[in-house]
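Sequences listed follow chains A and B, in order.
Taken in order, the first sequence gives residues 0 to 433; the numbers are from numbering that gives the first Met the number 0.
Taken in order, the second sequence gives residues 0 to 234; the numbers are from numbering that gives the first Met the number 0.
Calculated from the structure, these hints are not laboratory results.
Check each hint, because a few of them may be wrong.
Derived DSSO-like pairs (lysine-lysine); straight-line CA-CA distance at most 30 Å [what the hints assert, rightly or not]:
hint	chain 1	residue 1	chain 2	residue 2
1	B	97	A	381
2	A	381	B	189
3	B	52	A	429
4	B	137	B	105
5	A	381	B	105
6	A	164	B	80
7	B	189	B	80
8	B	94	A	73
Derived list of chain B stretches under chain A, where covered just means 3 residues or more per stretch with a C-beta under 8 Å from a C-beta of chain A [what the hints assert, rightly or not]:
hint	segment
9	70-83
10	122-130
11	173-181
All residues carry an ideal CB built from backbone N, CA and C; glycine is no exception.
Single-letter residue listing:
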Amino acid sequence: MRRPVLALVVVVLVAVGAFVWTAMHPGPLPASPTGTPTRAVAQSANAATRFIERGEYLARMGDCVACHSEPTGKPFAGGRAMATPFGNIYTSNITPDDETGIGRWTADDFYRMMHTGISRDGTLLYPAMPFAQYTKVTREDCDAIFAYLQSLLPVRQKNRPHELKFPFNKRELLVGWRTLYFTEGEYKPDPSQNAQWNRGAYLVEGLGHCTMCHTAVNLLGGTKESKEFEGGMIPNQNWYAPSLTSNREAGLGDWSLQDIGSLLQVGISHRATVYGPMAEVVYNSLQYMNDEDTAAMAVYLKALPKRDADPLPPGSARLVQPGVMETGQRVYLKQCAACHHSEGKGYPPHYPPLAGNQSITMASPVNSIRMVLNGGYPPGTKKNPRPHGMPPFSHLLKDDEVAAVVTYIRVAWNNTGTPVAPAQVNELRKLLPE
Amino acid sequence: MPRRLLLCAALALAIASSRAEDEAVPRFKQVDSMEARVQGCVTCHGHEGQGTKSGYFPRIAGKPAGYLYNQLVAFRDGTRKYAPMNYLVAYLPDKYLKEMAEHYAKLRPAFAPKEPTTASEATIARGKALVTAGDASKQLPACVACHGNGLTGMEPGVPGLVGLRPAYIVAQLTRWRVGERVAADPDCMKRIATRLSEGDVTAVAAYMSLQDPPKDPSPESANLVRMPFACGSQR
């Protein structure tokens, strides 16, 4: 059933694409004789330095380096494979090499790319590049990031062609995608909110590109604004990015600003700890955020509208067989209690609490199961350079034991989760830890 | 009499194996300690880095800190590939990895009882020859020339091999032979592993796993001897 629907959608998209192609095919920018490579650079060297440093800070906030570098490659030289359901996309070289990087770009080219998702030569970028979020970044901030990138050591490394399956290798399709999911426009401050909230909104919605993961992605790799921050599985990473609006998930409504800020900037807090893809974000990006911006982000995230559409699961859905509960408790007391405390209180912020922890009780048990199987270390950050780690248990516990212990922590201590089946564990066991 | 002895042996074995299992269960005395911080390692490498029941998880205690650090960095950066390790240390900074390496380098837990071998006498003899004397016809130096007479390794970058089980030694030498495992240039182990036959690998692993650990299992000091091959990890 899904395939014919997908095919139909593709046909429609191609048609839509063909229709607006001529209107939207932009081509290169006309060469500007005056050029404005770093137009905001002021006269004195100190101001220029400050501008580049500001660009570095903003590039950190945008986490450019995470995707535009291979794990062992040169930073910003690109080449990292971004696995998507449609095939691999390889990130580009954004060092200022004239031949293979962005050495010949102007600040205008760079702003157009960030703001509209159109590359210097006029090609449309795949939305793996979060231009739908970066469009909110101001011209001045884009110029600063550009000045910073231009100040890096040029690396000669040719971009690797994408390996996308048909029909997704046809960039014409992107015209359709853009009409459905892309709204161009810099961030407009909300006058009914204070400056701190607006700064937080600007960072979260723009450079932070949080909605890339924390909004469910549909079959076409698009995110719906109406579903913003409602959470979803991260494609190809098999981690669940919790909803930031539901108090049943990572909704932050009843968190202290201190804990929200700490989770983002330090990686640990008294409520929860980051692992997996969010650990990468904190490691590469958020740990460098200054305290002021951290507080702003926390204020904005805490104030996100709550959408508790999904009520607590009914008591019947939470019933657990006594035998499962016994196994779960036995495993818990033997393997988990030393760090997470016999009553699930943990030793926060170093070992997270499990009692009352939304990431344990939320509808999707994927993250909890993965943690029991593979363990994990929070990121080592400036404010927590020596994090405490959790060991893997995949080689010690069988599927039914993992299911029982995850069930146990989801329902014990008045937690409001539902039981987990051994089959769910078995599915996740087949994946490599990442 | 022999029956009672057998019973005693069985009992001792049972105690040893239950203790080995407990060695993999997380526990610590103080939250703010290295012991607590490295709980992420214990289910595979044991509390003191002595290893656990599974022959594939190596003993890491007492290996030179430089060697352990190089491995942690290689796992983090993906130049040594083993998904569970790559995942665990992916976002840990150099300084902390160094501290972890130094933590385990200092520990001297007891060695696990030796596994009984199924290798033939000829295999063990070949292993002994390679480990202690090398094979001039293949341009192979003796293992002990770098890994020390007691196979306890050499500061700062040559690992101790004593106490490693055959499954692990075979797997690592094989990975080196096929180019999956590499070390800093010049990669001396690559030169050696590519000269070994499959039979040589089995023989070396069998002989090594039969060796008693020396009284002091500390690695030898750096470059007391002139190494037969230049090694990047010793620079």
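Please verify whether residue 137 of chain B and residue 105 of chain B have alpha carbons no more than 30 Å apart. 36 Å, violated
For residue 52 of chain B and residue 429 of chain A, compute the direct alpha-carbon distance and say whether it is at most 30 Å. Satisfied, since the Cα-Cα distance of roughly 23 Å is no more than 30 Å.
Holds or violated: residue 97 of chain B to residue 381 of chain A, with C-alpha atoms at most 30 Å apart: 16 Å, holds
Compare the distance between the alpha carbons of residue 164 of chain A and residue 80 of chain B with 30 Å, and conclude whether the hinted pair is satisfied. Holds. Residue 164 of chain A to residue 80 of chain B sits at ~28 Å (cutoff 30 Å).
Is residue 381 of chain A close enough to residue 105 of chain B, meaning Cα to Cα at most 30 Å? 26 Å, holds
Verdict on chain A covering the segment 122-130 of chain B, criterion of 3 CB contacts below 8 Å: violated (count 0)
Three-residue Cβ test at 8 Å for the coverage of the segment 173-181 of chain B by chain A: violated (count 0)
When you check the alpha-carbon spacing of residue 94 of chain B and residue 73 of chain A, does it fall within 30 Å? 21 Å, holds
Hint check: residue 189 of chain B vs residue 80 of chain B, CA-CA at most 30 Å. Holds or violated? 16 Å, holds
For the segment 70-83 of chain B, count the residues whose Cβ lies under 8 Å from any Cβ of chain A; is that count three or more? holds (count 5)
Would the hint linking residue 381 of chain A and residue 189 of chain B be met if the CA-CA limit is 30 Å? 37 Å, violated
Figure legend: structure checked against the earlier numbered hints; hints not met, in rising order: 2, 4, 10 and 11.
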